[in-house]
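Work out the full structure, taking the sequences as your base and the hints as a guide.
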Amino acid sequence: MTEYETHEFDVVIIGAGGAGLRAAVEAQAMGLRTAVVCKSLLGKAHTVMAEGGMAAAMGNVYSEDNWKVHFRDTMRGGKLLNNWRMAQLHAQEAPDRVRELEAWGALFDRTKDGLILQRDFGGHRYARLAHVGDRTGLELIRTMQQKAVAEGMEVFMELKVLRLLHDADGTVSGLVGYWRPTGGFVVIKAKAIVLATGGVGKSWMYTSNSWESTGDGHAMALWAGADLIDMECVQFHPTGMVWPLSVRGILVTEGVRGDGGVLRNSEGTRFMFDYVSDMFRAETADSEDEADKWYDDHTAGRRPPELLPRDEVARSINSEVKGGRGSPHGGVFLDIATRRTAEDIRRRLPSMYHQFKELAGVDITAEAMEVGPTCHYIMGGVRVDADTTAATVPGLFAAGEVAGGMHGANRLGGNSLSDLLVFGRRAGIGAADFASARSGEVTLEEGQIQDAIDAAVAPFEREGGENPYDIQQDLQETMQSLVGIIRSGPELEEALVKIEALEERAANVSLKGGTKYNPGWNLTTDLPSMLTVSRCTAMGALNRKESRGGQTRDDFPTTDPEMGKVNFVERITDPSAAPVGVGGTPSVRSITSQPEPVPVLPDDLKALLEEAY
Amino acid sequence: MAEEIIRHNQSGEVTMRIWRGDEEGGEFTEYVMPAQEGEVVLDVIHRVQATEAPDLACRWNCKAGKCGSCSAEINGRPSLMCMTRMDTLPEGETVTVAPMRAFPVIRDLVTDVSYNYEVAKRVPPLSPRPKTADEEEAGGYRMAQVDVERSQEFRKCIECFLCQDVCHVVRDHEENKTAYAGPRFFIRSAELEMHPLDTNDRRQLLQEEQGLGKCNITKCCTEVCPEHIKITDNAIIPLKERVVDAKYDPVAWLGRKIRNRSMRSAEEAAAEAPSTGPAAVLPPGGVQGIPQPRTDGAPVLVTSPSATPPPPAPPTAVTDTEA
Numbered sequence: 026m027t028e029y030e031t032h033e034f035d036v037v038i039i040g041a042g043g044a045g046l047r048a049a050v051e052a053q054a055m056g057l058r059t060a061v062v063c064k065s066l067l068g069k070a071h072t073v074m075a076e077g078g079m080a081a082a083m084g085n086v087y088s089e090d091n092w093k094v095h096f097r098d099t100m101r102g103g104k105l106l107n108n109w110r111m112a113q114l115h116a117q118e119a120p121d122r123v124r125e126l127e128a129w130g131a132l133f134d135r136t137k138d139g140l141i142l143q144r145d146f147g148g149h150r151y152a153r154l155a156h157v158g159d160r161t162g163l164e165l166i167r168t169m170q171q172k173a174v175a176e177g178m179e180v181f182m183e184l185k186v187l188r189l190l191h192d193a194d195g196t197v198s199g200l201v202g203y204w205r206p207t208g209g210f211v212v213i214k215a216k217a218i219v220l221a222t223g224g225v226g227k228s229w230m231y232t233s234n235s236w237e238s239t240g241d242g243h244a245m246a247l248w249a250g251a252d253l254i255d256m257e258c259v260q261f262h263p264t265g266m267v268w269p270l271s272v273r274g275i276l277v278t279e280g281v282r283g284d285g286g287v288l289r290n291s292e293g294t295r296f297m298f299d300y301v302s303d304m305f306r307a308e309t310a311d312s313e314d315e316a317d318k319w320y321d322d323h324t325a326g327r328r329p330p331e332l333l334p335r336d337e338v339a340r341s342i343n344s345e346v347k348g349g350r351g352s353p354h355g356g357v358f359l360d361i362a363t364r365r366t367a368e369d370i371r372r373r374l375p376s377m378y379h380q381f382k383e384l385a386g387v388d389i390t391a392e393a394m395e396v397g398p399t400c401h402y403i404m405g406g407v408r409v410d411a412d413t414t415a416a417t418v419p420g421l422f423a424a425g426e427v428a429g430g431m432h433g434a435n436r437l438g439g440n441s442l443s444d445l446l447v448f449g450r451r452a453g454i455g456a457a458d459f460a461s462a463r464s465g466e467v468t469l470e471e472g473q474i475q476d477a478i479d480a481a482v483a484p485f486e487r488e489g490g491e492n493p494y495d496i497q498q499d500l501q502e503t504m505q506s507l508v509g510i511i512r513s514g515p516e517l518e519e520a521l522v523k524i525e526a527l528e529e530r531a532a533n534v535s536l537k538g539g540t541k542y543n544p545g546w547n548l549t550t551d552l553p554s555m556l557t558v559s560r561c562t563a564m565g566a567l568n569r570k571e572s573r574g575g576q577t578r579d580d581f582p583t584t585d586p587e588m589g590k591v592n593f594v595e596r597i598t599d600p601s602a603a604p605v606g607v608g609g610t611p612s613v614r615s616i617t618s619q620p621e622p623v624p625v626l627p628d629d630l631k632a633l634l635e636e637a638y
Numbered sequence: 022m023a024e025e026i027i028r029h030n031q032s033g034e035v036t037m038r039i040w041r042g043d044e045e046g047g048e049f050t051e052y053v054m055p056a057q058e059g060e061v062v063l064d065v066i067h068r069v070q071a072t073e074a075p076d077l078a079c080r081w082n083c084k085a086g087k088c089g090s091c092s093a094e095i096n097g098r099p100s101l102m103c104m105t106r107m108d109t110l111p112e113g114e115t116v117t118v119a120p121m122r123a124f125p126v127i128r129d130l131v132t133d134v135s136y137n138y139e140v141a142k143r144v145p146p147l148s149p150r151p152k153t154a155d156e157e158e159a160g161g162y163r164m165a166q167v168d169v170e171r172s173q174e175f176r177k178c179i180e181c182f183l184c185q186d187v188c189h190v191v192r193d194h195e196e197n198k199t200a201y202a203g204p205r206f207f208i209r210s211a212e213l214e215m216h217p218l219d220t221n222d223r224r225q226l227l228q229e230e231q232g233l234g235k236c237n238i239t240k241c242c243t244e245v246c247p248e249h250i251k252i253t254d255n256a257i258i259p260l261k262e263r264v265v266d267a268k269y270d271p272v273a274w275l276g277r278k279i280r281n282r283s284m285r286s287a288e289e290a291a292a293e294a295p296s297t298g299p300a301a302v303l304p305p306g307g308v309q310g311i312p313q314p315r316t317d318g319a320p321v322l323v324t325s326p327s328a329t330p331p332p333p334a335p336p337t338a339v340t341d342t343e344a
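Line by line, the protein sequences give chains A and B.
Per the numbering used here, residue 26 is the first one in the first sequence, and the count goes up by one each step.
Per the numbering used here, residue 22 is the first one in the second sequence, and the count goes up by one each step.
Keep in mind the hints are simulated off the structure, nothing from the lab.
Incorrect hints may appear among the rest.
Said to hold, decoys possible - Mimicking DSSO-like on lysine-lysine, the simulated pairs with C-alpha atoms at most 27 Å apart in a straight line are:
no.: 1; chain 1: A; residue 1: Lys137; chain 2: B; residue 2: Lys152
no.: 2; chain 1: B; residue 1: Lys251; chain 2: B; residue 2: Lys240
no.: 3; chain 1: A; residue 1: Lys93; chain 2: A; residue 2: Lys631
no.: 4; chain 1: B; residue 1: Lys142; chain 2: B; residue 2: Lys240
no.: 5; chain 1: A; residue 1: Lys382; chain 2: B; residue 2: Lys240
no.: 6; chain 1: A; residue 1: Lys590; chain 2: A; residue 2: Lys570
no.: 7; chain 1: A; residue 1: Lys590; chain 2: A; residue 2: Lys537
no.: 8; chain 1: A; residue 1: Lys523; chain 2: A; residue 2: Lys590
no.: 9; chain 1: B; residue 1: Lys198; chain 2: B; residue 2: Lys261
no.: 10; chain 1: A; residue 1: Lys214; chain 2: B; residue 2: Lys142
no.: 11; chain 1: A; residue 1: Lys570; chain 2: A; residue 2: Lys523
no.: 12; chain 1: A; residue 1: Lys382; chain 2: B; residue 2: Lys251
Claimed, not checked - Okay, the calculated bits of chain A under chain B, using three or more residues with CB under 8 Å as the criterion:
no.: 13; segment: 126 to 137
no.: 14; segment: 228 to 238
no.: 15; segment: 256 to 270
no.: 16; segment: 382 to 391
no.: 17; segment: 485 to 499
no.: 18; segment: 541 to 553
Computed from a prediction, not measured in an experiment: that's the story for all the values here.
Beta carbons are placed, not taken as given, at the ideal position from N, Cα and C, and that holds for glycine.
In structure tokens form, the structure reads like this:
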């Protein structure tokens, strides 16, 4: 039997990005014993990479803006697959969350009359993104980090969670994991657990995501018996860096386009005018002249097509490259140099200037950037109750990217940071209420703990097995080439077969070097979740026989209204009886995927969507 | 239509000399890797991990200079591995990568930076003034862009702790850590001092508990800052002036403070810092690594990467040959 240390709290939050820290601050303020657990050091979570801003209908720049317009934009951007109640709460509460952040120390850029400045982004009718240059995520995470520190929050840094633990009746009772610096195992008993673990992008080859985005929360929820929805809806951000290859995928903020940047192909054409879909035709400019007037006055012309929602822009770039009109390194050109003064560019987009200068040797005030789609965000995630963020397993809550429903089939830029705060706060309340009301003993079952620990250390006892980095790379190539931005039935079938084979290989990893800060071991313990979420995405993508938002099927290129009435739900019906896959977790073969109705929109909100532009 | 996977063009080889070991000691190990166009040091480290040494420890997250995780000493210069392009280093020469020297080693390139998290707990947080009637109506505070920009410069900090690493007050004098906040936290205090909404007075705390006087403005911190924050000129020197003004000419100091602020005493401000501090619950061995007092001489002068680098000092005494 392996030894471990034990801790006990009322509410434990897994993940220390924006959603996790916001949940923790709320639960602690309600008087609950609260702790945060994170895989990296505090302040390094993926939120730090968000650039352009935080969408909230504050009306500081356009007084016409209000939550109803924001709701409408979010639902249309999500191709109506959204959980309408989440979209409503988000639009209504985002302004208060932004102002609260300011009272905690965030310093947003200002309007001339001293209020929070808001910038334009794709799919938002009005300039709506509160921002700090192009480093808004850093401002958010640092503010929340400093708030948590000021409140005396307990933070378990560099602790990887392997599995959730549960009572005999299935209610969540804690977690088991290990300290990355020492390899020592840890059990934390909890009355309620909030998943705030972010996304899944590390399973793709070209991604804006860090090593942490391995879908741990998605997978742990599934293994605990919870439902996932919309896992096929993966956002490929239209503008990632494409060169040098070593930086391929690193994010180029949508703020470049919001601030006037345009996309051109190798022939110099602003090609986005050729790709305006029917859904957005009435609100999109049809000439460069009209589009250019819009930047200064949104009533003088309609929006430029470069600011269509991300899924539309990403697909268009993909078509240009496939059509032979790409840039030298397989992207297209994003030009702000000819559109704004060098001084403006450096002031409004300082980290983009810095990033291109240092990593690519490109001066964006003088030349165009080369950009192309990069795996950025998963709209799908844990199925939650909109008001409380409760998952379908008692005691489990989810907020931020790991939760599904809010963004439907495609997320609008800027809606993620506000999502983190709105639903982070709600998760803190939901979990605190659950923990306060929970009666009876919270029990930890030794078998579950030892099972997880044994499986985690097994690779050290194996000789001559697989290198975990090879498996990761093969998974990334599989997902990139077969479950990428454009998908087809036969390729998805092939991906499912390959993921099963990779699971078998992952069960045969062998390791050396001990458990103390060993990245090879850390990666090995991330592989079960990477394989699980990849499987869910491929299954959902195969089942959704249409194109909608972050799901594009070559063999079903149009949107099917019937498909718009369902979410595909992935679950493991009886996790304890499922065959074991890798790391002691249920095999990917035990996951099912089936359609279930999307929550029906009430008539008063439906009317908002149909309002003429 | 399956997406094509693009492969790297390889061009020659690069020799990496990487420090391997833990708090008990270690040594540099050489790895020869294929060189690839446009790479940064972190790419090569990752390739070493993926091929020859899967247990080579290093921290990283964003790989774009935004999170401040991958700090190390490259050819003796404290740098972010993700922002140091291989083609900016002397061509054909071995690249030496060592962990930050000012912090105890956990393993290989990973150091125990908990000192910084402890200092952070002792900084009194923002204490904003109340909203005016106009602001209540407008729904938010009013601040001029020019006023927020001073603090925004310091809020660019990505907490890579390279400034803490290079600062010789702690780099060569472990014993100073108990009474010295370091450049990262001087800019944090400067940010709050210059924050248009803050009402706290941090001068006494800075002088008496955070060791502001120990800084002798050699500007090493400014030189290594990957965010190009003018730490010494824009934060430390103005703070020193404020502290001196407060001591010898309180009226002049008051004049600097922004109008309409209700002033609070340093004691009140200090009382707001959590007394026991957030228990960043840290792993048993990792935190306590063995900090070794530095006895090996003068502060390292940071030179430009093209100049001849000083010989990298191993992070702890090299005694064992096998980690």
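Hints and how they fare:
The suggested pairing of A:Lys137 with B:Lys152 holds, with an alpha-carbon distance near 18 Å, which does not exceed 27 Å. Straight-line distance between C-alpha atoms of B:Lys251 and B:Lys240 comes to about 9 Å, which keeps the hinted pair within the 27 Å bound. Under the criterion of a C-alpha separation no larger than 27 Å, the hint pairing A:Lys93 with A:Lys631 is consistent with the structure, at around 11 Å. Taking the CA atoms of B:Lys142 and B:Lys240, the gap is near 25 Å; set against the 27 Å cutoff, the hint holds.
Proposed proximity of A:Lys382 and B:Lys240 is supported: the alpha carbons are some 24 Å apart, at most 27 Å. A threshold of 27 Å between alpha carbons decides the hint, and for A:Lys590 with A:Lys570 the separation of about 13 Å falls inside it, so the pair holds. Proposed proximity of A:Lys590 and A:Lys537 is contradicted: the alpha carbons are some 50 Å apart, above 27 Å. Taking the CA atoms of A:Lys523 and A:Lys590, the gap is near 30 Å; set against the 27 Å cutoff, the hint is violated.
Pair hint B:Lys198 plus B:Lys261 holds up; C-alpha atoms about 19 Å apart against a cutoff of 27 Å. At most 27 Å may separate the alpha-carbon atoms for a hinted pair to count; A:Lys214 and B:Lys142 meet this at roughly 26 Å. Only pairs whose Cα atoms come within 27 Å are accepted, and A:Lys570 paired with A:Lys523 is accepted, the gap being roughly 21 Å. Proximity of A:Lys382 to B:Lys251 is assessed by CA-CA distance (about 20 Å); at most 27 Å being required, the pair is judged to hold.
Using a Cβ-Cβ cut-off of 8 Å, 8 residues of the segment 126 to 137 of chain A lie near chain B, which meets the minimum of three, so the contact claim holds. Only residues whose C-beta sits within less than 8 Å of a C-beta in chain B count toward coverage, and the segment 228 to 238 of chain A has 4 of them, enough to reach three; the restraint holds. Chain B is given as covering the segment 256 to 270 of chain A, and this holds because 3 residues of the stretch bring a CB closer than 8 Å to a CB of that chain, at least three being needed. Given a C-beta distance limit of less than 8 Å, the hint that chain B covers the segment 382 to 391 of chain A holds, as 3 residues qualify and 3 suffice.
Requiring three or more residues with a Cβ within less than 8 Å of a Cβ of chain B, the coverage given for the segment 485 to 499 of chain A holds, as 5 such residues are present. Evaluation of the coverage hint for the segment 541 to 553 of chain A: fulfilled, as 7 residues show C-beta separations to chain B shorter than 8 Å, against a requirement of three.
Checked against the numbered hints listed earlier, the structure breaks hints 7, 8; every other hint is satisfied.
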